[in-house]
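The whole structure should be built from the sequences, with the hints applied where relevant.
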Amino acid sequence: MTTRVIYSTSGYMHKNGAQIGRQCERSFGSIDIAKRAPFPEDCVSAFIPVENGCLVYQAPFGWAFKENNGAY
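Heads up: the sequence shown at position 62 corresponds to 62 in the numbering used here, and the numbers run straight through without jumps.
Mixed in with the good hints, there may be bad ones.
List time: in silico SDA-like cross-link candidates among lysine to any residue, alpha-carbon distance up to 25 angstroms [said to hold, decoys possible]:
# : residue 1 : residue 2
1 : 35        : 22
2 : 66        : 55
3 : 66        : 43
4 : 66        : 33
5 : 35        : 64
6 : 66        : 34
7 : 66        : 28
8 : 35        : 55
To be clear, the hints were calculated from the coordinates, so they are not data collected in a lab.
If you want it as structure tokens, here you go:
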């Protein structure tokens with residue numbers, strides 16, 4: 001299974017579907033590998049779509065699960 005990660009140079013890219021800042025996408029072999037991977041240059045947030053929501057990385061808090069309640 002491939003895990004897709006969307007990185008952004010700006011935070012809160014998941015909120016209200018906003019696409020703020022420059023974004024890039026990378027694929028990894030698993031969620032664990034994706035979460036440990038270094039971020040591309042200048043990127044400060046990341047978004048991993050998963051079943052029933054997404055994993056969102058916001059510095060300095062780290063990774064958190066956000067339930068998909070229609071707000072994304």
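Structure-based check of all given hints:
For the suggested pair residue 35 and residue 22, the alpha carbons sit about 20 angstroms apart, so the restraint of at most 25 angstroms is met. At roughly 6 angstroms between alpha-carbon atoms, residue 66 and residue 55 fall within 25 angstroms of each other, so this suggested pair holds. Taken as a hint, the residue 66 and residue 43 pair is honoured in the structure, with Cα atoms around 20 angstroms apart against an allowance of 25 angstroms. Among the hinted pairs, residue 66 with residue 33 is consistent with the structure: their alpha-carbon atoms are about 19 angstroms apart, no more than 25 angstroms.
For the hint linking residue 35 to residue 64, the alpha-carbon distance of about 11 angstroms falls within 25 angstroms, and the restraint holds. Proximity of residue 66 to residue 34 is assessed by CA-CA distance (about 17 angstroms); at most 25 angstroms being required, the pair is judged to hold. Between residue 66 and residue 28 the alpha-carbon distance is near 20 angstroms, which keeps this suggested pair within the 25 angstroms criterion. Between the alpha carbons of residue 35 and residue 55 the distance comes to roughly 9 angstroms, so the proposed pair stays at or under 25 angstroms and holds.
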